[in-house]
Every structure is written in structure tokens, then in C-alpha cells.
Amino acid sequence: MRIRYFAWLKQRVGVAEEELDLPAEVTTVGGLKAWLGTRHPRFAEACAAKGVVRAAVDQEFADDDRPLAGAREVAFFPPVTGG
Amino acid sequence: MRIRYFAWLKQRVGVAEEELDLPAEVTTVGGLKAWLGTRHPRFAEACAAKGVVRAAVDQEFADDDRPLAGAREVAFFPPVTGG
Amino acid sequence: MTVRVVEAPFDPAAELATFARGRSDVGAVASFTGLVRDEHGGERILAMALEHYPGMTERQLARIEAEARARWPLLDVLVIHRVGRMLPGEPIVLVATASAHRAAALEACAFLIDWLKTKAPFWKLEETSSGARWVEARASDDEAAARWERR
Amino acid sequence: MTVRVVEAPFDPAAELATFARGRSDVGAVASFTGLVRDEHGGERILAMALEHYPGMTERQLARIEAEARARWPLLDVLVIHRVGRMLPGEPIVLVATASAHRAAALEACAFLIDWLKTKAPFWKLEETSSGARWVEARASDDEAAARWERR
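Chains as they are written, first to last, in my numbering: chain A, 135 to 217; chain B, 135 to 217; chain C, 66 to 216; chain D, 66 to 216.
Please note that a few of the clues may not be correct.
[To be verified] List time: in silico DSSO-like cross-link candidates among lysine-lysine, alpha-carbon distance up to 30 Å:
hint, chain 1, residue 1, chain 2, residue 2
1, D, 184, A, 167
2, B, 144, B, 167
3, B, 167, C, 184
4, A, 144, A, 167
If you are wondering where the hints come from, they were derived from the structure by calculation, not from laboratory data.
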């Protein structure tokens, strides 16, 4: 699965994107966050702060309980600040 | 005193403006309306319909009870429809 | 002058091109343009004639602008209103506001056009194929203006 | 296309010059332009870099535009959002709406910028003399967007 990071989360993690094979037990956005936290300590730190890490599955905003079945791309980013 | 009419009120009365000496008993906008109605029957007709004749004294919107003391110009017109 | 009453056609885009330009303290510009439509109440409009009360018009527009500046932290304001005869597609009125932030610019812009519609002495005469008719004031305009009355 | 994401500077006045032109069924055009300010939180801004999520951005903007068209009788809509590095005074975003009447144009314009600010994947990085910093989301933006949630 393709994982993407944006804005300061990308700087914290140190990569813009990575291609990863997820373990079978990672089935939701929340589960993916926890698993990615074991690979990237600074990602885990960011996730520990409530509300600062948002996610999108296949370019749609997604909550932690969103299933990953069939997803090709998951992105993580801070709250948006455009306009 | 200078009396001015605008929009369809001007067409009804038949003049855009007139210079008139008011009788002493005409002291308010409401009194002026009634007195002008005796000179212009179609002005009286318009005034009989509630809310369609508005007034300005010296270019400020004015209600019927507005005194005319010191005024140089009184205008009558229908509700505004600009923009 | 930020308030203008004009008899000739004007170009809102050209006015906006110079509005608040070169000011890097402006973070938000809102604008509203009112145009002559070719249809009203099911009837075809051939032209529109805008009558006004010279003198009182400018006074009321300046007052409405001052009220907007008192209510919102505006960095610039522009109000242009055309009078005389105009054709469908032609602009009647332009309101533009500039502020550091968007809420002030957007709210002040809506306020200005709402108050202008009920507090400035303009009257519209529509020319249709069956003759000329004066546009009647709409209750919805009074309601829109009343939103902004101080409670 | 009425939704565009652009890397080069754009000119809101030039865009508005062609927006809804030649349509005499349009009675009202509203617009909002957001610009880079030279100051934020007391610090001087030297430049602004807009990062976004290509693909998702266009999808979200199209969805927000569709929502506006579903809610108001709009005759035309334009949304342009710049990405990349830009300087104080330069436009970041332009939203324009056209309708027969003003309420629809004004409300839809405010709706579009409010939702864009909270539902489109853009992130601002400010360059100051003391370094670069990511702009934090504001609670007031969430509140402005929430005004438009269907109850």
C-alpha cells in the first residue's frame, strides 16, 4: 500500500511517501496509524496529540475506524489551512 | 419651499419640482402631504395607499411627523429600488 | 473618492484591477456586481433606466460606507452605482471591500449592497416590449437590510 | 473547467473580466479573493508556500462546487487556487459566483470559501525572517464552515 505524508508531518516522518506491505492485523486507518508509529517514532508522537493527524483513504477524508480493505493509497496530514 | 417628486410619483403629479409658499398651518411632512394632495389629486391618491409615498427633508429620509421648520427642500418618492 | 455615481458604462473588472492593489496588508477582497437582466417576472427587458436623487444619493452612499467602516476593520471600500439608461448585461452597481481577513470583507460587502438597496434613493424603470414599468420594492430587500440593524 | 489549481501567478481581475460575460440572465456576481499578507501574528511574512495533495485537491474542489450548485441556483462558478511559493500581495485563491439574484451569489461565494478552507487539502508554510513555519488551522475557520452544515 502507498502511504503519503504532507506538510509538517512529511518533515517529521522524513519521507513524502513509502510503499509498504501491511501486516494482516492492520485493517483500519487507526490500526495503520499505530503500526506506522512503530516504524516512525515522530509519527507516533504526532498521533499522540489529539486532532493533529488527519487521514485520507484513496483521496477521501477518513476517520480512524475506516476499513482499509481495497484501499490503494492512504495519506496523513495536519488539519488543512488553504484559501 | 422647494418640493421635488421622483419616479412614478413625478409622472403622477406631472412636475419634477415646484417652488411653493406653504400656509402657516403646514408644519410637518404629514401636513405638507395633505396640503399637496389638495393641489394634486393624484398625489393624494398615492398617499392614500399606505407606505408607497416616502419623503426626505433636505435630503434626509423623514417620517410624517418630521417638522418642516428651517427646511429648504422636501422630496416625495416611492420606496427605493436601486442596486 | 470611494463612492461614485456614474452615467457612463463602467467595467467592474477594470475597477477591481486597481482596487486595493499594491497593499500587502490586504488579505481578503470581496466584491458584488449587480447587472441588468434581460428578463423579469416572465417578461423580456429591453433596457433599464435608473433615476436617482442627485445630492441625496451621494450623501446616503457615503453614510452607508461610513457605517460599514465603523462596523468592520476595512482597509478599502469602493461603491460605484450607475444611473441613466442601460442595457441587459451591463453593470448597475459594484461594491468592493478589502480587509486583513475574509469575514470582515465578505460581511461588509453583503451589508453594503443590502443597505444600498433600501437606503439609497434610486428607482428602476424597466423597458419591456409592452411599455415601461417602475420596478416595485421587494419585501425580501427590506428583510435583507433588517438583518444588519443593530439590536 | 470551473475549478483550477495553478502554479503560476494569476490575475483575479482578468479572470473576472471573462467570468459570466455575455450572459444577460446573470443579475448578480459575487467574488472573493484571498491574498498573501506581509504580516501574521506580529511577524513579517517574506513569502508563502502552498503545499497540496494533487488529485485529492481537484476532487474536493469539484465536490464543494457541486454542493454549492446543489444549494443555490448558480449560473456560473469559478474557483482558482494557487499552489507553490508566492509573495505578499499575490492572490492565493479566487472564488466567483453568478446567479440571477444577489442572495444566491453572495451566500454561495461565502459558502465556497468557508468550505474550501476546511475541506480542501492545502497547507500553508510561511517564510519569516526567523525561519519557516506551518500555519496552524484556526477554530474560527471550523466555525465558519459549520454554519453551512445541513441541520
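Residue 184 of chain D paired with residue 167 of chain A [C-alpha distance capped at 30 Å]:
It holds: about 21 Å lies between the C-alpha atoms, which stays within 30 Å.
CA of residue 167 of chain B to CA of residue 184 of chain C, is that 30 Å or under?
holds (21 Å)
Hint check: residue 144 of chain B vs residue 167 of chain B, CA-CA at most 30 Å. Holds or violated?
Status holds; Cα separation ~14 Å.
Given the proposed pairing of residue 144 of chain A with residue 167 of chain A, does the C-alpha separation stay at or below 30 Å?
holds (14 Å)
Checked against the numbered hints above, the structure breaks none of them.
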